[in-house]
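*Asks:* Once you know that position 104 of the sequence shown is 153 in this note's numbering, the rest is easy, because the numbers rise by one and skip nothing.
Take the hints with a grain of salt, since some may be wrong.
[Claimed, not checked] DSS-like mimics (lysine-lysine), calculated; alpha carbons at most 30 Å apart, straight line:
1. Lys175 / Lys324
2. Lys222 / Lys175
3. Lys222 / Lys324
4. Lys167 / Lys287
5. Lys319 / Lys166
6. Lys79 / Lys53
For the record, the hints were derived by calculation from the structure and aren't laboratory data.
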Amino acid sequence: MTPKAKGLFKNAVAMSFNYISTKLDTMKNKETTSSELFKGKTLKDMRSMSTDELLALSNNYSSGPCIDGNVVPANQIDMLKAGTANDVNLITGMVTGDTLLFSVLPKAPFSNPTTMKKDELLSTIKSTFGAYADECLAAYPINNDEAINEFNAINQDGMMALQTALAKARTLKYTNPTYIYEFTHVMPGVQSEVFGVFHTADVPYFLNHFSSERNSYWTETDFNLGDKMSSYLVNFAKTGNPNGKGLPNWAAYNGNTSFINFGDTVYNTKFSEAKNKFWKDYYGNLLGI
Numbered sequence: 050m051t052p053k054a055k056g057l058f059k060n061a062v063a064m065s066f067n068y069i070s071t072k073l074d075t076m077k078n079k080e081t082t083s084s085e086l087f088k089g090k091t092l093k094d095m096r097s098m099s100t101d102e103l104l105a106l107s108n109n110y111s112s113g114p115c116i117d118g119n120v121v122p123a124n125q126i127d128m129l130k131a132g133t134a135n136d137v138n139l140i141t142g143m144v145t146g147d148t149l150l151f152s153v154l155p156k157a158p159f160s161n162p163t164t165m166k167k168d169e170l171l172s173t174i175k176s177t178f179g180a181y182a183d184e185c186l187a188a189y190p191i192n193n194d195e196a197i198n199e200f201n202a203i204n205q206d207g208m209m210a211l212q213t214a215l216a217k218a219r220t221l222k223y224t225n226p227t228y229i230y231e232f233t234h235v236m237p238g239v240q241s242e243v244f245g246v247f248h249t250a251d252v253p254y255f256l257n258h259f260s261s262e263r264n265s266y267w268t269e270t271d272f273n274l275g276d277k278m279s280s281y282l283v284n285f286a287k288t289g290n291p292n293g294k295g296l297p298n299w300a301a302y303n304g305n306t307s308f309i310n311f312g313d314t315v316y317n318t319k320f321s322e323a324k325n326k327f328w329k330d331y332y333g334n335l336l337g338i
């Protein structure tokens with residue numbers, strides 16, 4: 050994001066990261082909030098506190114980047130529109146479980162609901178998407194009173210569509226390609242059905258490093274996936290293009306909501322025409338792209 054990094058690198062990988070729709074607070078507001086929450090305590094004071102005391106103190110503090118006018122001069126979308134962000138080759142993607150951290154619909158982050166009634170979801174869709182609610186419902190029809198599957202599908206697709214919105218915003222001023230991925234493979238292990246595709250689950254596969262502490266769990270599916278994902282990463286680091294001999298073709302963003310899926314197998318996927326249009330319309334209006 051920061052113009053300060055210009056010329057330091059030419060290829061970048063953003064894993065489970067997308068600030069394209071985030072409105073950052075200013076440094077002044079952050080300083081005011083932190084002064085109030087931390088009650089004037091210094092770093093020296095906090096280093097002498099117990100873990101419980103420190104956690105209690107920081108429990109209501111939302112950490113993250115802010116606009117300081119120097120390292121982060123503006124919101125990401127505004128920098129992309131102005132052409133002040135870095136024009137580099139980009140791989141960007143999410144894992145299925147990232148909806149617990151980032152989601153388009155309220156209630157999902159950090160809560161992982163297991164049930165959702167149709168009336169509640171309809172209300173949420175209308176309040177979230179406004180003028181685009183009918184378009185959303187046409188793409189994601191709700192046919193039963195229990196609507197948790199539709200709730201999850203909208204959050205999952207919305208997360209990936211936002212990656213596409215980032216790619217589109219990068220085409221406004223820049224020419225370097227964006228390669229998008231979704232990681233959907235469930236890492237084997239104790240309670241894997243509970244943990245699912247959790248945040249950071251893609252890391253060992255991109256590094257092709259599987260802990261010997263879990264040797265009894267790994268399968269050929271894991272090793273094959275790790276071999277492919279790490280090959281994409283090495284190719285990208287060397288050339289700015291992840292593709293190479295023996296690998297399924299990974300197409301760069303071309304205007305549609307499409308991406309490569311790293312699951313039990315590796316394949317390219319894209320949204321239906323109705324879903325593609327809905328997300329392009331919604332995020333296009335929201336972000337002004």
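*Asks:* Holds or violated: lysine 319 with lysine 166, Cα cutoff 30 Å?
*Replies:* holds (28 Å)
*Asks:* Quickly compare the C-alpha distance for lysine 222 and lysine 175 to 30 Å and report which way the hint goes.
*Replies:* Outside the cut-off at roughly 33 Å; violated.
*Asks:* Between the alpha carbons of lysine 79 and lysine 53, is the straight-line distance 30 Å or under?
*Replies:* Satisfied, since the Cα-Cα distance of roughly 21 Å is no more than 30 Å.
*Asks:* Given the hinted pair lysine 167 and lysine 287, is their Cα-Cα distance within 30 Å?
*Replies:* violated (49 Å)
*Asks:* Decide if the proposed pair is consistent with the structure: lysine 175 and lysine 324, CA atoms, cutoff 30 Å inclusive.
*Replies:* holds (17 Å)
*Asks:* Taking 30 Å as the top limit, are the C-alpha atoms of lysine 222 and lysine 324 close enough?
*Replies:* holds (26 Å)
In the structure shown, a violation is registered for the earlier hints numbered 2 and 4, in ascending order.
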